[in-house]
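Colleague: Can you make the complete structure from the sequences, with help from the hints?
Protein chains: 2
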Amino acid sequence: MTVIDVFAHVLPPKFLAKMNAIHPQILDQFPYMKNALLTDLDQHRTSLPADHQQVLSMVNLNPEDFVDADQAAELCRFGNAELAAMVRANRDVFPAGVAMLPLNNIPAALAMIDEQVAGSDALVGVQLFTQALGRPITDPIYEPIFAKLAAIGAPIWLHPVFDTHKPDNNLTFSWEYELTQAMDGIVAAKYFRKYPQLKVIVHHAGAMIPYFSQRIKYIQSAENYADFHKFYVDTAILGNPRALELAVEFFGPDHVLFGTDSPFGIPPVGPTAVIEQAVRDMAVTPEQKRAILQGNWQRLMGAMQK
Amino acid sequence: MTVIDVFAHVLPPKFLAKMNAIHPQILDQFPYMKNALLTDLDQHRTSLPADHQQVLSMVNLNPEDFVDADQAAELCRFGNAELAAMVRANRDVFPAGVAMLPLNNIPAALAMIDEQVAGSDALVGVQLFTQALGRPITDPIYEPIFAKLAAIGAPIWLHPVFDTHKPDNNLTFSWEYELTQAMDGIVAAKYFRKYPQLKVIVHHAGAMIPYFSQRIKYIQSAENYADFHKFYVDTAILGNPRALELAVEFFGPDHVLFGTDSPFGIPPVGPTAVIEQAVRDMAVTPEQKRAILQGNWQRLMGAMQK
Chain V
1 MTVIDVFAHV LPPKFLAKMN AIHPQILDQF PYMKNALLTD LDQHRTSLPA DHQQVLSMVN
61 LNPEDFVDAD QAAELCRFGN AELAAMVRAN RDVFPAGVAM LPLNNIPAAL AMIDEQVAGS
121 DALVGVQLFT QALGRPITDP IYEPIFAKLA AIGAPIWLHP VFDTHKPDNN LTFSWEYELT
181 QAMDGIVAAK YFRKYPQLKV IVHHAGAMIP YFSQRIKYIQ SAENYADFHK FYVDTAILGN
241 PRALELAVEF FGPDHVLFGT DSPFGIPPVG PTAVIEQAVR DMAVTPEQKR AILQGNWQRL
301 MGAMQK
Chain S
1 MTVIDVFAHV LPPKFLAKMN AIHPQILDQF PYMKNALLTD LDQHRTSLPA DHQQVLSMVN
61 LNPEDFVDAD QAAELCRFGN AELAAMVRAN RDVFPAGVAM LPLNNIPAAL AMIDEQVAGS
121 DALVGVQLFT QALGRPITDP IYEPIFAKLA AIGAPIWLHP VFDTHKPDNN LTFSWEYELT
181 QAMDGIVAAK YFRKYPQLKV IVHHAGAMIP YFSQRIKYIQ SAENYADFHK FYVDTAILGN
241 PRALELAVEF FGPDHVLFGT DSPFGIPPVG PTAVIEQAVR DMAVTPEQKR AILQGNWQRL
301 MGAMQK
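These protein sequences, in sequence, are chains V and S. Residue numbers for the first sequence follow my numbering, so the first one is 1 and each next one is one higher. Residue numbers for the second sequence follow my numbering, so the first one is 1 and each next one is one higher.
Just so you know, the hints here were simulated from the structure itself, not pulled from any lab data. Do not take every clue at face value.
One copy or any two copies: either way a pair holds, since identical chains are not told apart in the list.
[Said to hold, decoys possible] Calculated cross-link-like contacts (lysine to aspartate or glutamate; reagent style DMTMM-like; alpha-carbon spacing at most 25 Å):
no., residue 1, residue 2
1, Lys217, Asp281
2, Lys18, Asp65
3, Lys230, Asp168
4, Lys217, Glu276
5, Lys166, Asp65
Modeller: Have a look at this one:
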């Protein structure tokens, strides 16, 4: 059975060259992105275990953080086209890609969803980060993106970033809190009620929601508690079968998808083997494991094509 | 078998009267503290299920937030004496109490540990909050408190408060993040290495540590990963047996103690019944359940008396 990793990252080389042209040695600011598996297609392919496929999203190098609205739109469009071409040329290992959007240019972002995602044979959704340009992703200025993606049935891949307003960010825990706060914001903004077709795939196994689900139940409304169950989540917590079981218990076995955050997490090639073993060690049925490793992705894509 | 709740709160009436004398209607700032179960001993006793005991700590109304160093010391000493008297007069239901300290007066706080905790027949440890006076509890100015408590073998009860520097605090998730960051700070400061007898009982089942344990493993040092296992944790996450199993898996069955945060959490009398049912529903051995509900507390106290 082919295992499908729904949350793996790349940094396509021509897009990186464009970013370097704007900001020489741009990766000196992000040393963890200096990873050949992100930019070298051959090495990336070689690093993949047999019978594994990856849904590719860009690493967190967002044009809107560096350039103006027009240039950001141009760079995102270029990067998306390069990613789509990479998917088309490597269908055996990359079933799909995930687009990036210029969040300093909402009209262009909306147009880009129409042009590069809706009806695309390669890019099937959009990656959003928990904050953009210093604002929470649930700031009303970004709401039209949620509305349009829901309208076309394309999922959002929700990835964490640090909130630079906070004084004590660290790599171990802060991203998990930011994911949690963004999920809380999405529920509080009632996006699942306003946009019933909205699909959000949350990185890192749904962050703090499964462990603290009963705080939601007793502190928030019954409607909110129900809405928190509507997220999809991946398995990217570097192992921990009992924790993944907790994610399955909360979100349901049809809302958990194998995802690894490769090539990050465990050097040199990422945590794919460790996370896959954790899924195989879960106390769930064989059918549920197959759904997590492959079937839930196929069902999600099937639902999009209706 | 008597069930012992290690994390229950009160607000003794004479101490509250003193705080009201300083700041009239002080509870208008903290409406959730307007709860008769906190201040009325008879109602509190009546609310307790049969065969249940509670280790009492003060609700989060800390003199240092309102008055100067000398007055804070006086108020804490007074409150501790009142709490100790309450314990002594109600041994059948209150096996012990937990002292409060004036964190704007470290010399007095250290003296108070000697006078009111070391060798006391009623107050067996100290409650600290994740921050005090706008600084993390691991700020070096507070380190002598950790050192002294470790020296006398008395546990710290670690309770969350909001970090007012952060722009997006909420009741559902932010306390869990603050507990996590304080635990991370305690490990990073190497307190478990410097003070091998240090015992910290963390509220809310160890917050984010069990679900994200493998991030600690792969991102931090092996020494840090080992140190995170040294915390004791309670069960105060309002239910969720699978999550409690995850806490037991990480911290060990001898480091999880029944604790509820009563009378908060689930009106009108607190979450005792819900949390006890979750412990009884855990997939652990009957011996481990007994340890969580009673034995681990007795062992912890036995170790103190050596």
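Colleague: Each hint needs a verdict: does it hold in this structure or not?
Modeller: Consistency of the hints with the structure:
Taking the closest pair of Cα atoms, Lys217 and Asp281 come within 25 Å of each other only across two copies (18 Å); inside a single copy the shortest separation is 29 Å, beyond that limit. Only within a single protomer do Lys18 and Asp65 lie at most 25 Å apart by alpha-carbon distance; the minimum there is 14 Å, versus 53 Å between protomers. In this assembly of identical chains, the alpha carbons of Lys230 and Asp168 lie at most 25 Å apart only when taken from different copies (23 Å versus 30 Å within one copy). With identical chains, the CA atoms of Lys217 and Glu276 are at most 25 Å apart between copies only, with a shortest distance of 17 Å across copies and 31 Å within one.
Within a single copy, Lys166 and Asp65 get their C-alpha atoms as close as 18 Å, and across copies as close as 22 Å, so both meet the 25 Å cut-off.
When the structure is compared with the earlier hints, no violation turns up for any of them.
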